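Colleague: Each chain, written out:
Protein chains: 2
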Amino acid sequence: MATELNDRLNKLFCPKTVAVIGAGAEPDKVGYAIMDSLVTGGFPGKIFPVHPRHESILGYQVFRNLKDLPYVPDLAVVALNQHSSVETVAQLSQMGVKGAVVLAGGYAEMGSTGMSLQQKLRLAAGDMPVIGPNTLGFLNANAKLNVTFYPRVLNPGNVSFLSQSGGIGLAIKAKADDEGLGLAKWIGVGNRVNLEFHDLLEYLKQDPETKVIGLFTEGSSNPRALVKTLESIIPCKPVVIYKGGKGDKADSVTVTHTGAAAGPDKIWQGALRQVGAHVVNSASEMVTVCKALSIGRIPRGNRVAIFTHTAGPSIVACDILQNEPNFCLTELSNATIKKIADILGPSVPVIHKNPVDGAAGAFLTEPFHKIGEAILEDEAVDCLLTIFCEHKNWIYPSEQIAELTRKFDKTIVTCFIGSALTIHKDRALLHQNETPVYLTPEDAATGLAALLRRLEHISGS
Amino acid sequence: MATELNDRLNKLFCPKTVAVIGAGAEPDKVGYAIMDSLVTGGFPGKIFPVHPRHESILGYQVFRNLKDLPYVPDLAVVALNQHSSVETVAQLSQMGVKGAVVLAGGYAEMGSTGMSLQQKLRLAAGDMPVIGPNTLGFLNANAKLNVTFYPRVLNPGNVSFLSQSGGIGLAIKAKADDEGLGLAKWIGVGNRVNLEFHDLLEYLKQDPETKVIGLFTEGSSNPRALVKTLESIIPCKPVVIYKGGKGDKADSVTVTHTGAAAGPDKIWQGALRQVGAHVVNSASEMVTVCKALSIGRIPRGNRVAIFTHTAGPSIVACDILQNEPNFCLTELSNATIKKIADILGPSVPVIHKNPVDGAAGAFLTEPFHKIGEAILEDEAVDCLLTIFCEHKNWIYPSEQIAELTRKFDKTIVTCFIGSALTIHKDRALLHQNETPVYLTPEDAATGLAALLRRLEHISGS
Numbered sequence: 001m002a003t004e005l006n007d008r009l010n011k012l013f014c015p016k017t018v019a020v021i022g023a024g025a026e027p028d029k030v031g032y033a034i035m036d037s038l039v040t041g042g043f044p045g046k047i048f049p050v051h052p053r054h055e056s057i058l059g060y061q062v063f064r065n066l067k068d069l070p071y072v073p074d075l076a077v078v079a080l081n082q083h084s085s086v087e088t089v090a091q092l093s094q095m096g097v098k099g100a101v102v103l104a105g106g107y108a109e110m111g112s113t114g115m116s117l118q119q120k121l122r123l124a125a126g127d128m129p130v131i132g133p134n135t136l137g138f139l140n141a142n143a144k145l146n147v148t149f150y151p152r153v154l155n156p157g158n159v160s161f162l163s164q165s166g167g168i169g170l171a172i173k174a175k176a177d178d179e180g181l182g183l184a185k186w187i188g189v190g191n192r193v194n195l196e197f198h199d200l201l202e203y204l205k206q207d208p209e210t211k212v213i214g215l216f217t218e219g220s221s222n223p224r225a226l227v228k229t230l231e232s233i234i235p236c237k238p239v240v241i242y243k244g245g246k247g248d249k250a251d252s253v254t255v256t257h258t259g260a261a262a263g264p265d266k267i268w269q270g271a272l273r274q275v276g277a278h279v280v281n282s283a284s285e286m287v288t289v290c291k292a293l294s295i296g297r298i299p300r301g302n303r304v305a306i307f308t309h310t311a312g313p314s315i316v317a318c319d320i321l322q323n324e325p326n327f328c329l330t331e332l333s334n335a336t337i338k339k340i341a342d343i344l345g346p347s348v349p350v351i352h353k354n355p356v357d358g359a360a361g362a363f364l365t366e367p368f369h370k371i372g373e374a375i376l377e378d379e380a381v382d383c384l385l386t387i388f389c390e391h392k393n394w395i396y397p398s399e400q401i402a403e404l405t406r407k408f409d410k411t412i413v414t415c416f417i418g419s420a421l422t423i424h425k426d427r428a429l430l431h432q433n434e435t436p437v438y439l440t441p442e443d444a445a446t447g448l449a450a451l452l453r454r455l456e457h458i459s460g461s
Numbered sequence: 001m002a003t004e005l006n007d008r009l010n011k012l013f014c015p016k017t018v019a020v021i022g023a024g025a026e027p028d029k030v031g032y033a034i035m036d037s038l039v040t041g042g043f044p045g046k047i048f049p050v051h052p053r054h055e056s057i058l059g060y061q062v063f064r065n066l067k068d069l070p071y072v073p074d075l076a077v078v079a080l081n082q083h084s085s086v087e088t089v090a091q092l093s094q095m096g097v098k099g100a101v102v103l104a105g106g107y108a109e110m111g112s113t114g115m116s117l118q119q120k121l122r123l124a125a126g127d128m129p130v131i132g133p134n135t136l137g138f139l140n141a142n143a144k145l146n147v148t149f150y151p152r153v154l155n156p157g158n159v160s161f162l163s164q165s166g167g168i169g170l171a172i173k174a175k176a177d178d179e180g181l182g183l184a185k186w187i188g189v190g191n192r193v194n195l196e197f198h199d200l201l202e203y204l205k206q207d208p209e210t211k212v213i214g215l216f217t218e219g220s221s222n223p224r225a226l227v228k229t230l231e232s233i234i235p236c237k238p239v240v241i242y243k244g245g246k247g248d249k250a251d252s253v254t255v256t257h258t259g260a261a262a263g264p265d266k267i268w269q270g271a272l273r274q275v276g277a278h279v280v281n282s283a284s285e286m287v288t289v290c291k292a293l294s295i296g297r298i299p300r301g302n303r304v305a306i307f308t309h310t311a312g313p314s315i316v317a318c319d320i321l322q323n324e325p326n327f328c329l330t331e332l333s334n335a336t337i338k339k340i341a342d343i344l345g346p347s348v349p350v351i352h353k354n355p356v357d358g359a360a361g362a363f364l365t366e367p368f369h370k371i372g373e374a375i376l377e378d379e380a381v382d383c384l385l386t387i388f389c390e391h392k393n394w395i396y397p398s399e400q401i402a403e404l405t406r407k408f409d410k411t412i413v414t415c416f417i418g419s420a421l422t423i424h425k426d427r428a429l430l431h432q433n434e435t436p437v438y439l440t441p442e443d444a445a446t447g448l449a450a451l452l453r454r455l456e457h458i459s460g461s
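These protein sequence lines map, in sequence, to chains A and B. For the first sequence, counting from 1, position 168 maps to 168 in our numbering; every step adds exactly one. For the second sequence, counting from 1, position 67 maps to 67 in our numbering; every step adds exactly one.
Hints may be right or wrong, so weigh each one.
One copy or any two copies: either way a pair holds, since identical chains are not told apart in the list.
Unchecked claim - List time: in silico DSBU-like cross-link candidates among lysine-lysine, alpha-carbon distance up to 35 Å: (1) K120 / K425; (2) K120 / K392; (3) K353 / K266; (4) K144 / K425; (5) K29 / K338; (6) K392 / K425; (7) K407 / K29; (8) K29 / K425; (9) K339 / K144; (10) K392 / K144; (11) K205 / K407; (12) K29 / K392; (13) K338 / K11; (14) K16 / K120; (15) K228 / K266; (16) K370 / K16; (17) K120 / K11; (18) K339 / K16; (19) K228 / K11; (20) K353 / K29; (21) K407 / K11; (22) K120 / K353; (23) K211 / K144.
For the record, the hints were derived by calculation from the structure and aren't laboratory data. As the structure is a prediction and not an experimental result, all values here were calculated from the model.
Chain A with its partners taken away, still in its complex shape:
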């Protein structure tokens, strides 16, 4: 049964042909934005715009109605109002379309009238899976498919997001772009007329393009099914959860958003942690954690060394890491300490221990590389967090860090304390070499903590 749904969802998410019902020619409107998204994203499949009056939109021939289509499309995007969408969904389902996206709002989020309209939509859909209603749509970056009404460049990767809120989903997408994190699928689930979180999670569980799953939810109509699904997924793939609608005031907002009452927040948080989910508290933290799990190596052990040329960042990194039960600030061997002392020489006044503070002796590429190597050669080290501050004349040793990642079968996370505007080239190199880069020590420590937690979950389960 689940497999059957997965097959249907596969057609929906990886269609060869997309029909856009309510495609428009006015740049102000959603019906145009969807067409723009398909074109800007570079979708290589067939696009069938449907509209009763237009002849052509963005160079694509427009069909007057569904009956005029040359064949049944895999996916239909419905960009009509909430009432017309119901009739159209019934038609699409009868035609045998594999799946649909319904963009309109005006359903369960609108109280009892909307609830009853959503019930009609559910009946109209029959067994055709529907994303939405009240959604931005979805992205499949590897398929160059953007059926959201936000046209944009797609950066492919291996993280898939499910977001109950389009706006939070967009915040995560924007932050992921800025952080150099590529996406596989991004799905605005909306009101979930006949696809619950657990259905989509089951799909992502078996999706070979998805390595890490991120989820923003304001509550679920079936929290037990969600937790049960998570329990079965998390041993295979990490799931990062951001739960909105935490308190009284937010709850009253939540109810009228997608028609889902938020459950008591603490029960949720507890259940989620228990099944091994990574729980985060902002769109930024979602990206921070997903980036570590997407790009970084799962550590082979929990013993961490920190290497810096400025102590403060290593202190705040420890503040964050020590909240992770699976964190061990390792003790370096005497041999390692001696190697480091020899590299730095007697003129650099530092205490030789972990965190290793190379001070002025670690500004330059060569000693940085040698000290990093000495630390990683130590058998008591499983993970290394390196910290370096951007400087006009001293070079961020990204090449040396990448080389260390290739040489040692250990986990490296690196912090470049500098501007988001200057990191791009170094970051691309490091991310290619399984080394996530962060701009603040807090984010770097949060990323490493997620990797340690993942190790603990895999080892313990």
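Go by the hints and put chain B onto chain A.
Modeller: The following block gives chain B in isolation, referenced to the frame of chain A:
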């Protein structure tokens, strides 16, 4: 006494002449970096490099020793090793130099030997104020003065930072640059040989260029004096505090960093909140909160309206705002609700209440402007948080938001859910118009919460 110290510190931070003892010509070295910083920063005063062998550095005539200087400089930067620094500081103090920066490490952070060297440095300094040792130096952006060994462009503003850690200070500086937040003074306090936090805070309290004070500390040797000083400053200027070294593992690191044992964290946090300090937990949050207090208007009341075209971000904003006791999600008047309903028209299916979700009716500039105006005309609204998602074809209504800020004597904070790379122009306009811009709803809510907290403190004290 405090006034006398302030006068001395004023010479130190706003010198007409800077001597660099240990100025160097090799780009690898700190002694060159300091010269580079002075030149790159555009310091308009006199620069006296001092070195026994060089003739000229970066076009500046080099003096063989301190005796050769044509007159006594206001400020001396000592870029020598920890031992030579002590002798030089004694000489500088005897010459009547107004203040010094000692960059070298190797003092109190190095255990008992270092402690005793730091004691010698203190004696050598006499009554000459010394920034450091074990510091990156300081910046005075309005004076185009950079005496850190990190050459960079300076973005002037009204926020001053004191950082016990150079690295955390750099993380804050980089983030502030990326966020469009200008600085007044940035001071790496280091080991605080004869200038404690409270001395520098007293200076910043009366500094006309400083509107907001940020402080990163790992602990203080005189926490009572610090708290007492904060108590006297915070009614005049807001102080934002980030405390590192929170737990056992971090504490053992802290002790060997700048020689200050971190106090039990909870006692600290409690005392800081009690005196009205804004307590933050990361370099990023430091910038988020300082930005609101630097750029935003202190609200005239605590009643907040939220205006969005996507509900999720307003929900997570409420999650954060409701942690602030002084937050009230206001009830809009029936007249306002009617105005908004008329602007949106009957075809946009939304529930009319606060947060105002204009959905597809608020994508375009004109209705966005009109709805914003209707909300701000409501007497039950003191603050407005607007949320807008970046779109290829729809324009971020930054000009309209700026106009609303000029028209209404109310507080506006705005969230642009989009890329850090595309916000620059809009952000400059909005920041000029007392409207802080953030890229995530969580940051925007954190900024607004800080303004509400500031209002509460001012009203209550």
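Colleague: Confirm or reject each hint.
Modeller: Okay, the hints, checked on the actual structure:
1. K120 / K425: neither (52 Å within a copy, 46 Å between copies)
2. K120 / K392: Classified as between: cross-chain Cα gap 34 Å, same-chain 63 Å, threshold 35 Å.
3. K353 / K266: between (40 Å within a copy, 27 Å between copies)
4. K144 / K425: Answer is both: 24 Å inside a copy and 30 Å across each meet the 35 Å cutoff.
5. K29 / K338: between (67 Å within a copy, 25 Å between copies)
6. K392 / K425: Cα proximity of K392 and K425: in one copy and across copies (16 Å, 26 Å).
7. K407 / K29: between (53 Å within a copy, 30 Å between copies)
8. K29 / K425: between (37 Å within a copy, 25 Å between copies)
9. K339 / K144: neither (50 Å within a copy, 42 Å between copies)
10. K392 / K144: between (39 Å within a copy, 17 Å between copies)
11. K205 / K407: within (32 Å within a copy, 53 Å between copies)
12. K29 / K392: So K29 and K392 pass the 35 Å test across copies only (12 Å; inside, 47 Å).
13. K338 / K11: neither (60 Å within a copy, 45 Å between copies)
14. K16 / K120: The answer is within: 29 Å in one copy meets 35 Å, while 78 Å across copies does not.
15. K228 / K266: Within one copy, since 18 Å is at most 35 Å while 38 Å is not.
16. K370 / K16: For K370 and K16, neither the intra-copy (52 Å) nor the inter-copy (43 Å) Cα distance is at most 35 Å.
17. K120 / K11: within (24 Å within a copy, 76 Å between copies)
18. K339 / K16: Close neither inside one copy (59 Å) nor across copies (46 Å); limit 35 Å.
19. K228 / K11: For K228 and K11, only the intra-copy Cα distance (26 Å) is at most 35 Å; the inter-copy one is 67 Å.
20. K353 / K29: between (61 Å within a copy, 25 Å between copies)
21. K407 / K11: neither (42 Å within a copy, 53 Å between copies)
22. K120 / K353: between (67 Å within a copy, 26 Å between copies)
23. K211 / K144: Answer is within; shortest intra-copy Cα gap is 18 Å, inter-copy 49 Å.
Of the numbered hints listed earlier, those contradicted by the structure are 1, 9, 13, 16, 18 and 21.
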